[in-house]
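J.: Turn these sequences into a full structure, and let the hints steer you where they fit.
For the sequence shown, counting from 1, position 690 maps to 690 in the working numbering; every step adds exactly one.
Hints in this document: simulated from the structure, not taken from any laboratory. Every value quoted in this text rests on a predicted model; they were computed, and no experiment measured them. There may be inaccurate statements among the hints.
[Said to hold, decoys possible] Beta-carbon label-pair distances, calculated as ranges:
(1) A1161 x W926: 41 to 49 Å
(2) A539 x Q680: 22 to 30 Å
(3) T58 x N811: 38 to 46 Å
(4) L180 x N288: 22 to 30 Å
All C-beta atoms, glycine included, are put in the ideal place defined by N, C-alpha and C.
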Amino acid sequence: MKKRLLAALMAGLLFMTIPVPAVTSSVSAEGTNPGMTFYVATNGSDSNSGTLNAPFLTLEKARDTIRTLKTEDGLPEGGVTVMLREGRYERTASFELRQQDSGEAGKPIIYTAYPGESVTLSGSKHLAKSAFVPVTDSAILSRIISPDARTKVLAADLAALGITDYGQLSRHGYYLANDLSEVPPMELYVAGEGMTLARWPNESTVQMDEIIDPGPTRRDPNGEVHTRGGTFTYTYDRPQYWTEAEDIWLDGIFGYSWEWSYNKIASIDTAAKTITLRYGEMSGLFKNWYPDFHFAQNLLEEIDMPGEYYIDRTAGKLYFLPNASFTASADPDIEVTMLKTPMINALNASYIDFSELVLENGRDSAAVFMGGSHMRILNSEIRNFNNSGVLINTQSRFYYNNFEGAPGTDHDIISTHIHHIGGTAVTLTGGNKTTLQPGNNAVENSHIHDFAYYHKAYNPGVLLSGVGNRMSHNELHDAPHPGVLIFGNDHTVDYNEIYDVCTTFSDLGAIYMNAGEQPHERGTVIKRNYFHNIGESKAGVEGVYPDNFTMGLTIDENIFYKMGNSAIKNNGGAHIQTRNNIFIDSKIPYDYADLYLGDEPDDQVPLNYMPKWQALFAANNNFTGTPYMAKYPELADFFTENRYYPDTNTFQGNVIYNPVVTRSVTTNVYGAYDKFGLVQYADNWVTTADPGFTNLAGGDLSLRPDAEVFSAIPGFPDIPFADIGINGKAGTTAGAGSYPVQEVVVYDNAVKVDRWKTVKLRTAVLPWNADHPALTFTSADPAVASVDSAGVVTGGAVVGSTVITVASAENPLLTAQVSVTVEAGDGVMDFTNFESGANGWSQDAYRSIEKIGGNRWYKVLNGASSLSAKSFSEYELSFRLKTPAVMGDNVTLYVFDRQAGSGSSRIGYKTRADGSSAWLLYNSAWTVLKEVKLPENDLLPDTEYNVKMLVKGGDISLYLDGEFRLKGNDPGHNAAGKVGFYVNNVSHMLFDDIQFKAPTTELAGIIPAEREVRLAAGEQQQLHLSFDPSDTPDTGVTWQSANPAVAAVDHTGVVSAVYEGNTVITAVSVANPLIKADIAVTVSNIMHETTFENGGNGWPVDPNRSISADPDGNRRYKLLNGATALLERSFTSYQLEFKLKTPSVMPDNGILYLFDRQDSAGSTRIGYRTRADGTSAWILYNTAWLKLTESVLPGHDLQPDTEYTVKLTAKDGDISVYVDGALRLAGSDPGHRPSGKVGFYTSGFDYMLFDDIVFSVMP
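T.: Shown next, in the form of C-alpha cells:
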C-alpha cells in the first residue's frame, strides 16, 4: 500500500536538520492564533504556574486550571494547549473529563507532546531488572517441569516492592460468559512486548476426547450455566504434573466455533483422565463440524519458553523466564499493568484533542468518549490495553458512568497506531436510530493490528454501530476473529487494507454482519478496500460476510486477493449490490449461501425469522412515514418480495482472475456459487489473462491506462489502488519511523535431536517489534539435520553434527548459529496411536478417529484413501489393522508406497468370489509385479492383525502377524513420497499404532524358495532360502524336521524323503530364534505339482512366460513363440501329466518340444511338428538332435483352440507320449541323461497354454 514514503522521509530529514527552538510562546494546532499554553513535566509541581519553566506535574492540574480559566475569562482565541514534556507519566486513575472541560469550535483544548519529544501515559508500574533474582526455593523449582527452565527462571517479589493488586483471572468469552468477567488481571511487559502467561501447549492446542457431561447451557434455568460446568476426558498426559496448581484456566472452543470460552478448571481426575470445568458453556460441551481446541494457562509448572511468566498471588511473587529483550539490555523497560479504569474517561466533553501521545499498559481501556462532539485522538500510539482501545459512545464493560446524554458526534481517531489490544481496538457508535441522522464518528489513516488477544470472540479491530459512522484509509491485520463488525445503518468502510484476520476461528469474515433479524438496518457501503491473504489455510473464513439474511448492503470497487474460501459470502441476504470488484485468486469470488433458504415449515425463514419480521414491522407500523421508508423504499415490498428465495441481489461488472489458485468447481460461469440461480448477473468478466495490473507479482494492483478490463467491461472504474490504506505515518511524529533488525538471537547455542525427530529452535530478533522480523534457517549438512522455514530441525538418517545458521531475512549479515548433534535414537521416524489426535492423517467424514473398547482407531470408510503427512524414502512400516464384521467378495486394501504425484508402488490385498485371496505388488502403472495367492481369505472378519512392511530401494516385503506374505521388487519405485491406505468394497478398515521406522540390516524374515515340496521316497532335494532384508548379515539358520520318519533334513538344508506322509521342515534363525520359516514336505508318488493359481511354483515367469487368466478365472502358463521354460527341479525317472491348450490358429511348421532331463550336456527331446502338407508328427530326438523314433499322422494331431491331456513317461531311456489317453509315440534313447530338468519350447505357434503340470513317480 502507498505510504507516501518519500514525503515522509523528506519531512523526517528536514526535521532532523533544522533545530527546534525552545518554545517561548503558546503553540496551537489551529495555526495562526496559538492561544494559551500550559506545560506539564515529570519533574513539575502542581504548585507551579504551568509555564515552560514552572510546569505542572499532572494533567489534572492543567485540566482544573483550564476550568478556572473558562469560568473567569473564557477560552482565548485559538483555545488552550497543554504541552507535556518528555517522559513517562504513570497513571493510577482515569483522566476524567466532563462538559466543563470542553473546548469550542475554533477554541479547542489540545493535550499534546512538546515538539520533538516523546511522551508516554502509562498505566503500569516499572520494575528494575535487579528485582529479578534466580529462584532457589526447591518447592517452586520442583513444580517446574522443564529441567532447563529450573536453572534459568527468575523471581521478583512484588509484595516487597509494595505491589499487591494483581487482579484475578476470571470467566469471559462468548455471550453470557462475560456476565462473570472482572477487570483483566495484571500483565507483564518487557520492552513494550506482552509476555506470555505460562501455558501448555506452548504454541499449538489440544482437543477434548469424550464428553462425559455436557454441563448446563445458556438456556437452562436459574443461571446454572454460571454455577457448574461439564466434564470431558482427555488423552494427553500433561495434567499429571499439575496436581499442585490451583488456578488453571482453559482457553478455547468447546462447542460451536464462534463460542470462544475462557473457563476455569474445577477439578482434574488424572486416573480417569477427566477435566471438569467450573462454568457451563453456552451450548454445552459438544463436538461439531469445526474441531474443538484448547490450551491450559496460568501454570507455574509450564514455564519453559523465554517470555513466559506466572504470578503467585498468595506469595506476591512474579516468576519469569527471561527473553532476549530482558537479557540483552542492562536496564530493560519492565512493566506490570496496574490501571484498572480507562486511561481517559470523557463524558459529554467536546472539542478536545489528544495528539502525539503514547497511551499504554492498562488493564482496561485507553479512552472512552461518551456524548459530546469533536473529540479527537491524532498522531498517537495506543498499545497494551487488556480490555479495549478507544470506545466512542460505548462505556467500558468494567467502568460504567452515569450517563444519560445523547450519543456523541464527529469524534475522530486519526493517524494513530493502535496495537496489542485485548479486545476491540476501536468502537464507533453514534447517530440517531430514529431520524437516521449520522454520527459522523470516524477512525481514519490509522494502523490497527494485533487485537482481541484477551477477548477473542467478536472483538474486531473496528466495530461500527448506530448510524452513519466511518472507517477510512486504515491498515488492519493480525487478529483471531473478525477485522470489522458492523451493526446499524449507513456506515462507510472505504480505502482500508485488511489482511491476516480470522486466524484462529471459523465461520466468520474479515468484515462480518449479522443483521437478519433487523432488516431495517441497511445502507452500509463497503467500497475501494483491499482484502488479501484471508482464510488461505483455514476453512470457514470469508472476506465480506453478511450472514443470516443481512440486507441492503453495497459492495463496490473492492479488490480481493488470495481469499482461501469465499471473498464475499452472502448467507441468504437481499438487496446486496456487488459491483465492479476485482477478485484475484479467490477460491469462490461470490457465494450466495443456500443453507438457510427454503419455505418448508422447519426452514429458517418460516420457523425463526418470519415471525420476528412480522412483529418488527407491526411494532413500527410497517415503517410508514418514517425516515427508514424514505431512505429505503424497498421496505414497502418486504413481504411481497420472495423472502424464502431472495432474488434481489446483484453481481455485476466484476472481474474474476485466477492465475494460481483454482476456482471452486461449484462456481458458475460468472465466478459465483448460486445453487438456485437467484442472483442478478450482468457484465462480469472471468478471464484467464491478466486484466491489466501494473505489477501483480510486485504487489501493485493498480490498473494500467491500457488495461484490457476497460474494454471488457465498459465503464469499469479505475480503482485508485495507491490511495488505499494509510497515507503517510500512523503514530507519533517523534516515534521511530522504522524498526530495522539489530540482532538475531538464539536461546540455545547447542541442541541434540535423534534421527528423524524434530526440535524447534527458539529464536528472536531485537528489537522484538522490528518491521521485518523474518528469519532464514540454513543447515550446513542437511543429510545430518535439515531445517524448515519455521526453524524446525529434523534429524537426518546420519548420526553426526552440523550447524544451523539463523539469519535476518532483512539483513542477512546479522546471524546466529546453533550446533546440532544428531543421535541414533530409537529409529522411529513417525508414530501415531490416535489417542491425542491424528498427527497429520486426514480427518473428515470419510476418515475419522473412533473409540472402540477404550482404544482409538483411525477409521477409513469404503472408497476413501488417506496419505501420511510426511514423506519417506526407505522405511519399515508397522500398524495394527482391524477388519469389519463383514468381509465379502472383492474386498480391496491398498498400501500406497512413496506416492509422489499420482504414482506409487502399491501393496494390495484382495478377496475373490471363490473364497480365495491374494497379496499383490503393483507398480505405478498397476502392472502386477508379484502375486501370492491363498486358498482362503487371509483377513477374517472382526479380527485384529499386526502388519509390517519393509521398503528398501525397490524391494518391498510384507508380513502378517509376523508371518511372511510377499516380497517383490519394483524397479520403477519412487525415491521418496507419502505412504497411505485405500479400502474398497468393504464398509471400513481400522488402523492404529502406525509406525515408520528406519530400516536396518537386522533380520526381518526368512523366505523359502518353495513353501511346499513333494518328493518320492528315497529322493533328496536341497532347500533354498533368501533373507529379508537382502543385505542382512543374519543368514545363519538351523534346520529341523517335525517328523524325521517321513523326511529328514541335514544341517545344510538337504531334505531326504523316507516314507509316505507329511511333515514340516523348519529353518530357524540363529540370530533371532523367533524368526523362522516352514516348508511343507509331502512324500508321495507325486513329486511336483503346479496349478498356477498361486504363482509359477518353480516355472519361470516373465513377459515371454507368464501366467494368464481365462475369462472363467482359471490361470494357465502361457509360453510365447520362441520361448523355453524349464522347471527349477531335476528328475531321474518320472511320469509327467499336463493339460495343453492350443491357440486359435495352428500354423504350418509349428513346433512344440518337451525337454527330458536336460543337464549341461543336453537332453532327450520329444517333438511335435506340423507340416505344410497338412500332416503332423511326434518325434523322439537324442541329445545330438538325431531322430530316434517318428510317428507321422495324416492330419494335425493338435487342433486349434482345443484342450488336451498329455502324458509322458520316462523310465531310464524308455520314453512314451500319450494324448488324451492314446499312445502317440514310444521309443528309447540309449544316451539319455540320468537326471535333469524338464520343460517346454514352442516355435511357430503364437503361444501354447499349460496347466495342472504334475510330476509323479513311475508306477
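J.: State for each hint whether it applies.
T.: These are the hints, each one checked on the structure:
Checked against the hint of 41 to 49 Å, the pair A1161 and W926 passes, with Cβ atoms roughly 44 Å apart. At about 29 Å, the CB distance of A539 to Q680 agrees with the hint of 22 to 30 Å. Between T58 and N811 the beta carbons are some 43 Å apart, a value that agrees with the proposed interval 38 to 46 Å. Range check, L180 to N288: about 24 Å between beta-carbon atoms, so the 22 to 30 Å window is met.
In summary, the structure agrees with every hint in the numbered list given earlier.
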